[in-house]
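Take the given structure of chain A and dock chain B to it, following the hints.
Residues per chain are reported as follows:
2 protein chains.
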Amino acid sequence: MQRYFTQDQLNINETFEVAGEDTHHIINVMRFRVDDTFEMVDGMKNVYLCKIINIEEQTVTYLPVEKYENSSEMPVRVTIICPMLKGEKFEWMLQKSTEFGASEFIIYEADRSIVKLDDKKKDKRLIRYRRVIKEASEQSKRTVIPDIHFGGKLKQFDLSGFDHTVIAYEGNAHDQSLSLNRLEKFKDGESLAFIFGPEGGLTEGEAGFDTALKTVRLGPRILRAESAPLYFLSSMSYIYE
Amino acid sequence: MQRYFTQDQLNINETFEVAGEDTHHIINVMRFRVDDTFEMVDGMKNVYLCKIINIEEQTVTYLPVEKYENSSEMPVRVTIICPMLKGEKFEWMLQKSTEFGASEFIIYEADRSIVKLDDKKKDKRLIRYRRVIKEASEQSKRTVIPDIHFGGKLKQFDLSGFDHTVIAYEGNAHDQSLSLNRLEKFKDGESLAFIFGPEGGLTEGEAGFDTALKTVRLGPRILRAESAPLYFLSSMSYIYE
Chain A
1 MQRYFTQDQL
11 NINETFEVAG
21 EDTHHIINVM
31 RFRVDDTFEM
41 VDGMKNVYLC
51 KIINIEEQTV
61 TYLPVEKYEN
71 SSEMPVRVTI
81 ICPMLKGEKF
91 EWMLQKSTEF
101 GASEFIIYEA
111 DRSIVKLDDK
121 KKDKRLIRYR
131 RVIKEASEQS
141 KRTVIPDIHF
151 GGKLKQFDLS
161 GFDHTVIAYE
171 GNAHDQSLSL
181 NRLEKFKDGE
191 SLAFIFGPEG
201 GLTEGEAGFD
211 TALKTVRLGP
221 RILRAESAPL
231 YFLSSMSYIY
241 E
Chain B
1 MQRYFTQDQL
11 NINETFEVAG
21 EDTHHIINVM
31 RFRVDDTFEM
41 VDGMKNVYLC
51 KIINIEEQTV
61 TYLPVEKYEN
71 SSEMPVRVTI
81 ICPMLKGEKF
91 EWMLQKSTEF
101 GASEFIIYEA
111 DRSIVKLDDK
121 KKDKRLIRYR
131 RVIKEASEQS
141 KRTVIPDIHF
151 GGKLKQFDLS
161 GFDHTVIAYE
171 GNAHDQSLSL
181 NRLEKFKDGE
191 SLAFIFGPEG
201 GLTEGEAGFD
211 TALKTVRLGP
221 RILRAESAPL
231 YFLSSMSYIY
241 E
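If you're matching them up, the sequences are chains A and B in order. Residues in the first sequence are numbered from 1 upward in steps of one, following the UniProt record's numbering. Residues in the second sequence are numbered from 1 upward in steps of one, following the UniProt record's numbering.
Calculated directly from the structure, the hints in this document are not laboratory data. One or more hints might be untrue.
Any copy, or any two copies together, can satisfy a pair, since identical chains are not distinguished.
[As the list claims (entries may be wrong)] With a Cα cut of at most 27 angstroms, we get these calculated DSS-like pairs of lysine-lysine:
1. K214 to K141
2. K86 to K122
3. K86 to K134
4. K121 to K153
5. K89 to K134
Pulled out of the complex, with its shape left as it was, chain A reads as follows (with noise of 0.2 angstroms):
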């Protein structure tokens, strides 16, 4: 079923305005009329069955008639630390990064990175990327929409606010001793930061920039930049749901 979110706090059986562009969508793209239904996430990430009541030009009015129980977020809330890639190589990261539960992006500029780009450049990209983020949430039925933005050079990152930070360094794909398996079990409720390279993999300055990084591989094959946060989210998905 299609979903939006909103930062109303909805209530069983009060009614609701859509608002903005998601109005545009229920209209024009999906075609809703009176009486269909979809899922609407809200500003407490309580996700309710709603039905539209009445569309009036560009006003569609809802009634939130199911609350759901279950939530689709990750018990650990897992930042992706990440460099610009080439192409489209860097949306198709976000959009699977969002559907396998990231909660945030930060983009940091790679010692190796390609992809230069000025503050005037990044806040157009922004605007893009978040689109991206924001339709693979509602396809994907997240509860929350992972946020993004730019910092700067790795080295400068201040990683003191994470419970956890894994770095994956091509370097030791052969190394079994450095297999995620082997690292131990995160807490409900923790942050993990999890930092991948570039095309041109990491410097061996960054990949030890922070005595708080945690090195490990992901499996014996060499990934390519943009399959590494879906190897790592997919295996903590796979350990805590």
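Same frame as chain A, now just chain B:
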């Protein structure tokens, strides 16, 4: 390092010639010269570090100088039984699943499949798909190139050749008792089939067509069709590698 595949059985310090289109790749794409090195996987699935000792017109002669001992293949053999998917999504799934360790692909005709192909088209597609898989195998340092072919309707599949067959059924996204991590562990060398549905999902008939099927959910979020095998393969790699 660049990796190629050969049917020859290599031996240290014996000279060999590069076959067919790899010759073009070495001379014109990689622009290798005498003394440059690459990796070659031979017919016995052994990996050798090789050195070019002569390049003449369209003939590249090389010398295996070192044999690698590490395997990059999964201890369990995973066959991906997949529907045709729209547009580039299918080739993308093949590339990623190869990276993530799949050992074989069988394409089935899904009840809700959007894409239909006649035999002539199928043959053309297979040629392209095999190239995608071969390149992903080289890039991810596989020692086996996964095979791919077309099967018929899912309900006509004979699964008796597999030790286990796992099927992902979207309807179960919220049934935690079907989480992948509730499955018994598989033994090294066992053969696994993993089945997932097309964009429109599996029909009930397909989801339960064989009593040997083990139904699983791939986390609580709704994954796009092409994402399902990556979640499964990552989890298998997490457990067994």
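Hint check results:
{"no.": "1", "hint": "K214 to K141", "verdict": "between (31 angstroms within a copy, 24 angstroms between copies)"}
{"no.": "2", "hint": "K86 to K122", "verdict": "within (14 angstroms within a copy, 31 angstroms between copies)"}
{"no.": "3", "hint": "K86 to K134", "verdict": "both (21 angstroms within a copy, 22 angstroms between copies)"}
{"no.": "4", "hint": "K121 to K153", "verdict": "within (18 angstroms within a copy, 48 angstroms between copies)"}
{"no.": "5", "hint": "K89 to K134", "verdict": "both (17 angstroms within a copy, 20 angstroms between copies)"}
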